[in-house]
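Undergrad: Given next are the chains, with one letter for each unit.
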Amino acid sequence: MTQQLISEITGTLWKIERHVGDCVEEGDVVMILESMKMEIPVEATMAGTIKELLVAEGESVEEGDLLCVIE
Amino acid sequence: MRNRVTSEPTGEKKKFSYAVEQGWPEIEGGIEELKFRRQQAQAMGGGEAIERQHKAGRLTVRERITLLTDANSFREIGTLAGSGKYDENNRLISVTPAPYIAGMAHVDGRPVAVGGEDFTVRGGTTFGSLRRKGGQGGFVEDLAYHYRIPLLNLIDGAGGSVTSIQRRGHSVFPGVHGFERSVSLLGTVPVASAVLGTAAGGPAGRAILSHFSVMVRETSQIFAAGPPVVKRSLGRIVDKEMLGGARVAVDQAGTIHNAAESEEDALRQMRRFLSFMPSNVWEMPPVAPTDDPVNRCDEELASIIPAKRTQAYNMYRLIEMVIDKGSEFEIQPTHAKAVITLFARLDGRPVGIVANNPMVYSGALDDKAARKQIHFMELCDTFHIPLIFLVDLPGFMVGEKAEQSGTLREGMRAVYSAGNLKVPTLTLVIRKCYGMAGMATCNKNDIDLKLAWPSAEWGSLPVEGGVAAAFRRDIMSAPDPAAREKEIEAELKPYASPFRSAEAFAVEEIIDPRETRPVLCDFINLADARLRTELGPRARYGVQP
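Protein chains in written order, with the working numbering: chain Z, 1 to 71; chain E, 1 to 545.
Read the hints as simulated data drawn from the structure, not as lab findings.
Please read these numbers as outputs of a predicted model, since none were measured by experiment.
We put the CB at the ideal spot given by N, CA and C, even for glycine.
Heads up, a few of these hints could be off.
As the list claims (entries may be wrong) - Selected chain E positions facing chain Z (Cβ under 10 angstroms, derived; list incomplete):
1. Arg91
2. Val172
3. Ala307
4. Tyr316
5. Lys401
6. Lys432
7. Gly459
8. Pro462
Generate the whole structure from the sequences, applying the supplied hints.
TA: Here it is, written out as structure tokens:
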């Protein structure tokens, strides 16, 4: 089973907290977006391993963009 | 109510062939005939049709009314309306009841008008009786309007059918059965609608003209027109759930306010909604005694706001600590989540809470959030429920998408609507209150009492970002522009302290977060006398932007 983390907001990827190959639990913060001058944490919606990160720090993201795939 | 048949001389003896087959004695009008006809009404569309309804995961309209209203309180009106079938000697064989059931009942001891389509009879399609029983302009609406009691619609039908053209020999002009009564009800008594099947056309429109609407996930859908019309008009093939299931109609579009997990849950939500409402605009909203102490000061409130300004917090948790325990009922919880709109109680008195949610779009007001807030403010204003704004608002949503969807116009409509409020409002700034969007969270027509927590900050726009625009020449001519920008920001920052505004009496009071509940309770109790002097319908003038 895989899960895709989608950006809920337009902004910039500020910080990656977990990297490809890392194990995550449900609710773990995988990355933090910056938007409207606030930090928006992106949390894992299930436990698993990070398979793919699709954006790099400093890149801008649109609402609905795929950010990360967890397996 | 006198039955016309009972008062007539029987003349030629009527016999009920069907009734006899069913084991009824020979009936000759009178009470026996009434009993038989009532039994026919109770049977609805018959056993098979009822089974089909149950198999689809749906209740019959009679079961719904029983669940929705107080035990044994339903007094049906129009029980006998239907299509009688007679044999060649004019003896009654059976009656197919009208596909709409209506009457008066009680909810939590208060009278209501209630009605709904009977899907087991011809799929709940419009019944061509002399007087409509329900739907727009139906008897049930007149009942609510005349007696000034709430109206509860249980919607399960697709409205008119083209077969009626054949029956009538002509087509009906739109508005012959108009929405005028439905519209006048919105200014006089609470109207709640549940969509409990697939609703299109008139019944769908009827659901929208409500103060509160709810639909069931998976088993109900709503749209202006269903899949066959979409296919014929646009050549697109969509299934009804994709077109008008709760994910679209509730979560995404906000066409219907709330989604329910089951029919029972939907009916429970209607009762819950009503518990905050007066029976009509001439009455006060009902007070419910509480054992939650007014002076409860939750310690956690002192630390709920993170020291780091860029970090969000849980606004729901904050609300929970302030209101009477367990008293909240959220309207539109899954749509436009940047703003939270919920009913709650303070010292037992109903209040409407509008709170910005820093977890979604940082609380910025977009077009949908503005629409949600406008509906809720007007609802509270109409039924004399004071409003509390818990403000953490960076401003209107910005960006191309926000501009393309008309955020500025919708946002200013929220400002317009807030400016028209007559009900007492309390503004409590939790953190940010910026710009024009901030103006949609207070009402200066009246006392204009603005409270704030020490974590509050406000202005036309935040110092960061604002500096870059206002001091552009200064910054650009500096040897290190970025450093100069930071320097100016640091210079201005102290003036952004809420205490400076309090010194200038530009905000009336800064309160310790732990005192929030006692302070709000005091003012809500104070609002009571004011509300009583302003009962009655709200006049609305002017043109919304």
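Undergrad: Each hint: holds or not?
TA: Hints versus structure:
no., hint, verdict
1, Arg91, "67 angstroms, violated"
2, Val172, "43 angstroms, violated"
3, Ala307, "13 angstroms, violated"
4, Tyr316, "16 angstroms, violated"
5, Lys401, "7 angstroms, holds"
6, Lys432, "9 angstroms, holds"
7, Gly459, "13 angstroms, violated"
8, Pro462, "7 angstroms, holds"
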